[in-house]
Amino acid sequence: MPEPLIFEYSVPGRRGVEMPEPDVPQTPFPEGFLREDLPLPEVSEVDVVRHFLRLSQMNFGVDKGFYPLGSCTMKYNPKINEEMARLPGFAQLHPYQDPETVQGALALMYHLQEFLKEIGGFAAVSLQPAAGAQGELAGILMIRAYHQDRGEGKKRIKMLVPDSAHGTNPASSAMAGLRVVNIPSDRRGNIDLDALRKECDETVAGLMVTNPNTLGLFDENLVEAIELVHRCGGLIYGDGANMNALMGICKPGAMGFDVMHYNLHKTFSTPHGGGGPGAGPVAANERLAPYLPGPIVAIDQERTVRPDEPFYTFVWPERSIGRVRAFHGHFGVFIRAYTYIRMYGPRLREVSEAAVLNANYLLALLRDLYPVPYDRLCKHEFVIMGKVSGTPVRALDISKRLIDYGFHPPTNYFPLIVPEALMIEPTETESKATLDAFAEAMRRIAEEARQDPQRVQQAPHTAPVRRLDEVRAARALVLRYIPTAEPHPAQA
Amino acid sequence: MPEPLIFEYSVPGRRGVEMPEPDVPQTPFPEGFLREDLPLPEVSEVDVVRHFLRLSQMNFGVDKGFYPLGSCTMKYNPKINEEMARLPGFAQLHPYQDPETVQGALALMYHLQEFLKEIGGFAAVSLQPAAGAQGELAGILMIRAYHQDRGEGKKRIKMLVPDSAHGTNPASSAMAGLRVVNIPSDRRGNIDLDALRKECDETVAGLMVTNPNTLGLFDENLVEAIELVHRCGGLIYGDGANMNALMGICKPGAMGFDVMHYNLHKTFSTPHGGGGPGAGPVAANERLAPYLPGPIVAIDQERTVRPDEPFYTFVWPERSIGRVRAFHGHFGVFIRAYTYIRMYGPRLREVSEAAVLNANYLLALLRDLYPVPYDRLCKHEFVIMGKVSGTPVRALDISKRLIDYGFHPPTNYFPLIVPEALMIEPTETESKATLDAFAEAMRRIAEEARQDPQRVQQAPHTAPVRRLDEVRAARALVLRYIPTAEPHPAQA
Amino acid sequence: MRFIPHTEEERREMLRVIGVERIEDLFADVPEAYRFPPLNLPPPLTELEARWELEALAEANTHTGQYACFLGAGAYRHFIPAVVDELLRRGEFYTAYTPYQPEVSQGTLQAMFEFQSMICALTGMEVSNASHYDGSSALAEAVLMALRLTRGERPKVLLFPTIHPEYRAVVRTYVQHLDVRLEGDTGWTLSQLRQPLGLLEELEARLDAETAALVIPYPDFLGRVLPPARLRETADRVHQAGALLIAVVNPIALALFEPPGSWGADIVVGEGQPLGIPLSFGGPYLGIMATRMAFVRQLPGRIVGETVDLEGRRGYVLTLSTREQHIRREKATSNITTNVGLMALAATIYLSVMGKHGLRQVAALCYHKAHYLAERIASLPGYEVWREHPFFHEFVVRTPRPVPEINRILYEDYQILGGYDLGQADPELSGHMLLCTTEMNTREEIEALVEALEEIGAPA
Amino acid sequence: MRFIPHTEEERREMLRVIGVERIEDLFADVPEAYRFPPLNLPPPLTELEARWELEALAEANTHTGQYACFLGAGAYRHFIPAVVDELLRRGEFYTAYTPYQPEVSQGTLQAMFEFQSMICALTGMEVSNASHYDGSSALAEAVLMALRLTRGERPKVLLFPTIHPEYRAVVRTYVQHLDVRLEGDTGWTLSQLRQPLGLLEELEARLDAETAALVIPYPDFLGRVLPPARLRETADRVHQAGALLIAVVNPIALALFEPPGSWGADIVVGEGQPLGIPLSFGGPYLGIMATRMAFVRQLPGRIVGETVDLEGRRGYVLTLSTREQHIRREKATSNITTNVGLMALAATIYLSVMGKHGLRQVAALCYHKAHYLAERIASLPGYEVWREHPFFHEFVVRTPRPVPEINRILYEDYQILGGYDLGQADPELSGHMLLCTTEMNTREEIEALVEALEEIGAPA
Ligand SMILES: Cc1ncc(COP(=O)(O)O)c(C=O)c1O
Ligand SMILES: Cc1ncc(COP(=O)(O)O)c(C=O)c1O
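Protein chains in written order, with the working numbering: chain Y, 136 to 627; chain E, 136 to 627; chain R, 277 to 736; chain X, 277 to 736.
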């Protein structure tokens, strides 16, 4: 049964939550300012509960089952994180309270900055950016500000972006006013050094590197690529979306990355929220640290009385690019990431080890079933091709058929350089039994593709809806509820 | 896909939650005391989350949809109640804390007692009983103690119980050592006064009255029945399960009931928890108040300094029947009931009015579709017969078919005096639209019964499982998980 | 009103369909003299106002998260992993009722089957019900069950004296009008109470052809654990006398100690609150009840069994319902219907996520901390600790000043909720305090208590 | 470790299948010089220990549930019905990601469609996206959008000076390397700032063929609401100049005041935090972004559209994704991908359960309480209140002593979190405080503040 829209439950005059009567004398509203109608639903609390409960049941989350969405690190989100973020001492803090009244919150942010510095090998961190993409924008603006300070702002207008990069990389570069130059990948999935070398000149602002890259591969040309770009005066932006492969394995800061963002909602287990919120803290080496977006948290030595009880406060990096958002970042997300890091400590290395173990294990199980375009040791994820030779079945079909087997589909059709890409990231929180079951489903789908391709092509068969007509959606452009003439309230 | 048992996810050595290492010196365990194996599951947190999330999705609750389970008052459970019960100042109180440290909790219990007294028209209330059935036992023990105090304890050993009564009524009487005498109902569904009169003698301990009775009818002979029993020295036990029909409508205490239990999990919106916990506070008039189970909360005048700040404490009713449980009752349930009553206040009358309105409206919609054995004004619920003439379809089939229409079935085969009983209690929290939809489903089922009876008889078709073999369950008696020789861990 | 969805217009339409004019007409069958009495209740609150009021009431208490707490005595402050409440809060679980309709209740049913399995695993028994109200009422029902199993021919039940005093009180309440004699639990001197093995011998000596059951606490109210080997002998003696052995247990202790199933208990009951259920001022808690398969037909309460559906898939249903009141009425094994399903679910989730290893860790932490505290207090002048018998996580301390006095000072000057005053339970034990530690008591708290007791105990 | 399920045995078996010996072998591709650096982090905590640490950090703060709070300035303490968090906590919602696979994401998708519909209802616009990070970044994106809509031919954007100062800062950050001039928001005197209609005229006067957009706050940072009738004139002037009118709104205010859609705004952005989202020290919040249908192809962020499935049933999908980075890369309308979906869901639930009536009540309560407080303070010697222009729930007070001093005394002596120090935003405004009330401020709190201000303001 399809679920009605909440508007379709509405009955004129029905009430949900009511508020107290005013306990102060009332003041007349100014004339000519008021709106007439407010076309919001009029429903009761039980309508709302049933509606959203039913909607939730039409959704698939990590809590429901395996969610190997490549590039997204859909690891299990510990429940303690959720409880901690709801402590009134955190959830009920106003962002403009005096630092003296929020020392616990500032301490948490300070230590999270420190943890992220240590994990990535950087000199400083700003927690401000709201997501990875905003972290990218901030980092690129930092690179630009750096060049500008050197009088090269107008000159260095080229951002080198590998063709395997995530779409946010070129998009962020463009937003910062840079020209994007695509760098192809070589046959082993690495940055093509020859192509790179050709672009390395004095107009280069920087190179954006995702490592492991979106093929799940550790770039074998990394050290050389970094050197090439540095030599021509460009800087290295690290897309840290894939840090789940690298904690305690290697530190990008040590390897020459100048600036990098983290995705707390990937590596550090904060839930993805059906699309967000995440957080995209940005880290920098000594060179770029002064440009970080502000404010960041520091110890105020003057107000610190005892060394074991530092006084924390907000400060501005010397040559900051400025604010990327109002207030101080996604604090609720920081609480979760902080809790997570505290539960692992130096054993975060085991997270990355297990993530890579799981990916290589699953790759080993799938290798004989589907073509693997770049078949070597992978890191936390890998890409296969969603084809079964001699059949019309495509990556999309396989994805949809996986739904019937109780799995969320992998990322499909990304990275763009692999035709029919299926990008699979199991994460470290999945058990061997789950990976075995997934591989078995993939085996059966390959078999079905041969024996009954229609079954695969028309999948899913057991989801709340069948395949949806996306073309129609884009043509009709019904983007909001428009009341019909004859309301007929739905049952709750 | 059937969900494995949590034991079937187990992998030797896998860990869920881990505890800190001891921070004190360790003491050797005594020799010869320790157990060898502890065959609990070994699973990770994500296994647990997915398992119980999936199980929950195989369940139907009020939050999912209409749940017209007669005699159970499955009204909507306000979410604020859940939050309030989880406040640390309530949830983290030890029952043996000094009264001085728990004045807020005691105040809440005191006022809840007062509210219940007022709603039922009684002189005193004990919150102790854990559920309606335990309230019954307590009330019957009070009646017995009363007779005993009058030297009639050995003589008055007969409890009169109408044949429409809930099974707990005779069962509770038997547990208290009484002999149960069934009183038939008359043709209008009332207590048969002639039959009652015949049993009214000096061996009568009391009469158990459910009003409105389990047919959903206000007993038209009530006043007379009470008088008859009182005249022969018996007392009146009120089964308050159906108080949702009577708040602000009439007070049982005023009508001559001597003792009555409430079901906080019905009338006062505390959730049913998949079977419990509930709470069955017992209320008494002046005569029986001294016998209430203890402890109850009272104001300690001596320790009260200011009259607007009473000091609350536990006291024992003078001639109490004793404890019915350790500690002080289902406090977590009291919080919810208290919150609920505070949100309505005197407007609880509107709850009962709307509950009765809904029942009569739905009865009006169903009257022409199914036989109504006692067709008169009903109160908060009503009983129809689950038959469609000329078809083999039974009440059970109709119940199961309702599942396919998205509804929880009504109570079936109770009360026992109606063949093929379907006992329908809509409660006041359901909207007209929902009742209309339910009536429409019932209409369609009647039609299906005529056109395609198999479809109805084999329902449900869309539930997580089909009809289950209860005979086999009772014969095989597989009542716990017994590990198989070859464990094969399930995927999460 | 807030939770009533009808608009005025809908109400009118509904009345029209019913065929009456006003809502009052629906109550014509209520005798006029009693109809529509005033309800003298405080005026209604909105959600926000209710929240304010409840928050104020909650804040009028001092809770165990604020002050260090050494109270146990049947209700224990344990760590509850966040995952427990996260899952309990799923509306499909907590807003359902008794799973009479198995097709839409497989969640509750399977979870209860798992609960039964875990209780069997913990206790070493063959069958468990799906919960009783609490430990005390479970014990009362176990006594009634033993009476039935001995066909009502044996009116005597022996209660060990150091069973929780409120449990013994509840048993007395339940049987007050039945032809039953409860014996053995009162009238002992302080020094007798201090020797549980002596008490055991005394009680065994009273076993006779009149005896339906002997009830043994494990650990007892004073924290002590009787030796399993010795209890095996007790079981033999009980069985030779034709009676049943009932054990009252703390489930956390069973993670360490030999389960009653292996020393011969016939019925095991206990308070399941320590298994992931908050203190909540005493309830709702979780009655545990398990027995041998041979006795299953006398077990009260719901039982879930495995079966298959029409298509042969595994599924779960309520079974053996011919024991129950809705079928058997006055002949039922009990009057219970609403139980504490959600608490049983909490325990199931708790036991799943703690698992074999975690539960053992919890039990061991409780044990080590209690023994450390006992040792420290034993070294304080003026205090005497009962340490001669093995104990779990509670122990008795004789105090140099009256217990209520000590507790008041602990509360007011040290922000500590002190131990249970045993004088409340038995005048023989006055001047004795029952102290408890769990994994929630840090060493810091323990040292603070010891220091406080030292100061309080020092001669002025 | 806790969230890694592998046992030693499983790990060995997996390595065997992979064909390597040790887990270290999986990292052979990492240059040796950099491989396996030490991680200098504090040692791991169990859940219980983590809880203790986090609780201690939380308790090291004074929160707005403890002290009366009169801070607003872009983040508002509103009542959040319990039902909001109950539903947000459903794992199917919060552990999902962007609904790329509509068949298993109808829950998120339909809720986002409802969100878009409600934002359109509130703002009076035709189309909304499914959220942006927060109000400030939504404004920055709106400015970029206006630049695109004017085909990059108009480099000037006029910012009203009393837009939230941090929003203006964010816009500056975003455009710092673009060929854009932000004008109009700085350099005004105190008395100019006090006359919003005067400012409006000044800004209108600067509209020219270079201008891409004029941005108007509604209400402004100082709480004032410009007359809708006057804004309609502004819109006409802006459109005549070939530019776009962008409004920055507080959605709660829109429950009372004429929505920007009806006075001619082209793009509406705002901070959705007041719609059921906790203060949480500043985030995550909810960027709102709506526009006219004609501009939909320049709208950044996710958009959900209605469609049908293979069997003709209504369903929802992400649509117009050719605007987005994953398809269009450097030519996308924005780089945004992860947004704040869960916050949009919170707002959707909030708006559903408050409904038309409840939201109006909230807005009215805010208004009445602020006006009462303003009136009371206006009567205090030494204080001056800006009341000549209509305001919503915030207003400016000139204080007899420096604002930080007053706030410190309020905090220390009265347990009050005082108002925002406007000197932080603009030196011209130093000595002025921005006070805010919502439905959460009781009259008692208001009187307490007035009394405190009176005492603090009294000449010594
Ligand atoms: C490789 C990569 N880079 C960047 C991003 C952008 O991060 P966010 O979605 O947090 O903005 C993503 C996210 O999906 C990604 O996978
Ligand atoms: C009429 C009636 N009486 C008594 C009871 C017993 O109440 P409880 O289930 O709370 O023990 C019920 C409950 O189902 C009932 O419907």
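A few of these clues could be false.
Stated by the list, open to error - Which residues of chain E face chain X? A few of them, derived with a C-beta cut under 7 Å, are:
hint : residue
1    : 143
2    : 146
3    : 148
4    : 149
5    : 152
6    : 157
7    : 159
8    : 161
9    : 222
10   : 363
11   : 539
12   : 607
Just so you know, these hints were derived from the structure itself, not from any lab. In this text, a Cβ means the ideal position worked out from N, Cα and C, and glycines have one as well.
*Taking the numbered hints from earlier one at a time, note which ones the structure violates and give those numbers from smallest to largest.*
1, 6, 7, 8, 9, 10, 11 and 12
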